[in-house]
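Both chains come to you apart, so use the hints to assemble them.
Sequence lines, in order, name chains F and W. The opening position of the first sequence corresponds to residue 2 in this note's numbering, with each subsequent residue numbered one higher. The opening position of the second sequence corresponds to residue 5 in this note's numbering, with each subsequent residue numbered one higher.
No lab work stands behind these hints, which were simulated from the structure alone. Check the hints yourself; a few may be wrong.
Which residues of chain W face chain F? A partial, calculated answer using Cβ under 7 Å [unchecked claim]:
#1 48
#2 49
#3 53
#4 96
#5 102
#6 107
Footprint (simulated), chain W over chain F, 3 or more residues, beta carbon under 8 Å [claimed, not checked]:
#7 20 to 34
#8 44 to 54
#9 66 to 78
Glycine is no exception: its CB is placed at the ideal position from the N, C-alpha and C atoms.
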Amino acid sequence: EVQLVESGGGLVQPGASLKLSCVASGFTFSDYWMSWVRQTPGKTMEWIGDIKYDGSYTNYAPSLKNRFTISRDNAKSTLYLQMSNVRSEDTATYYCTREGFAYWGQGTLVTVSS
Amino acid sequence: DVVLTQTPPTLSATIGQSVSISCRSSQSLLHSNGNTYLHWLLQRPGQSPQLLIYLVSRLESGVPNRFSGSGSGTDFTLKISGVEAEDLGVYYCVQGTHAPRTFGGGTKLELK
Chain F
2 EVQLVESGGG LVQPGASLKL SCVASGFTFS DYWMSWVRQT PGKTMEWIGD
52 IKYDGSYTNY APSLKNRFTI SRDNAKSTLY LQMSNVRSED TATYYCTREG
102 FAYWGQGTLV TVSS
Chain W
5 DVVLTQTPPT LSATIGQSVS ISCRSSQSLL HSNGNTYLHW LLQRPGQSPQ
55 LLIYLVSRLE SGVPNRFSGS GSGTDFTLKI SGVEAEDLGV YYCVQGTHAP
105 RTFGGGTKLE LK
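Chain W with its partners taken away, still in its complex shape (with noise of 0.2 Å):
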């Protein structure tokens, strides 16, 4: 199976401030039809995961533009430029491209 390390496992931040979360992968998640199946996901206290970005940077509708996800292959990064209250939570990313499908291990953000 496919493994995602993300890092940090947790990251604390002030109002304003910018990070970014690593995630990265035992295998390369290139696709051979070239897409890169690696989604970011965001899960706030008490709620259900939601997606925030897909295929390494597309943002999902809705979506802040200050989530912003590159990468490639085996190293993909998700990035928060000035976070605000509503990004406290846990963010994992995931792929598509190999099955089983699988999870990193998750990146709780919380507040300095």
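Extracted from the complex, chain F is given alone in its bound form (with noise of 0.2 Å):
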């Protein structure tokens, strides 16, 4: 059985950092491409970017590339997303997706606040 779970969220303060993890199980991680996704409170869906299934190419939504960053660690079946500089306008629930959006982990909550 596929799954993903993610970890990391929580409350933050505007201009700090976090990392976000997404533990792949149920399927060969290392044979796709993987994406994070994030729906805001007012549940509008935003595709941050996604990462090739080796690691050696990414792609942002232009508005977050400057901020966030994609990796992962295939032999850990992992995929991680680090935040920058954070904002209330992130505050969001941050879902990592198999490649197609064929799977999506539970989701966990970001809420940044001072």
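So this is what it looks like as structure tokens:
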């Protein structure tokens, strides 16, 4: 059974950094592109970016590419999202998804507030 | 960025009724490789989104065949032939043809 389990969310202050993780199981992680998607409290869905199966290539939403970095460790079957200089508008539930949006984790909530 | 416009934003239905949701794109979603990367997701209350239909009309494994997708280019439709209680939630279209990937605003299906 495919499972994606995100972690690392919580309450953070504006300007801080945060690193989210997504541990994958039930499939060969190194065979698939992986993505991060976030959902705002108002339920708007926003694609953050994705990473090639071997980690050699990344794509980002233009509005986020200067502050967010996606990486992966195939030996640990883990996807990462490094967030820097966070803002209140980054408050959202963050999901990792497998290639083609076929599988989603349960999400991890990030709240940016002082 | 590609804008996906979903209509209606809210849909009220009775059990057994057939309904349709429209997703219109600001650009053609036909990729140069011949595929059209338009997919449909359902997010039930309190749950993560799940994939229902991919590549316009292909039913994801385990999804009931009362769901169907159609369309081409810029106009796409999700149809539910006989709504059941478990179908309630928010439906999203999402495109994977162009970067950045983008989502529709969602259509909330509720019971009348």
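Hint by hint, here is what the structure shows:
1. 48: violated, 12 Å
2. 49: violated, 11 Å
3. 53: holds, 5 Å
4. 96: holds, 6 Å
5. 102: violated, 11 Å
6. 107: Given a least distance of 4 Å, the restraint on residue 107 of chain W holds.
7. 20 to 34: violated (count 0)
8. 44 to 54: n = 7 at 8 Å, threshold three: holds.
9. 66 to 78: violated (count 0)
The structure is inconsistent with the numbered hints 1, 2, 5, 7 and 9, although it conforms to all the rest.
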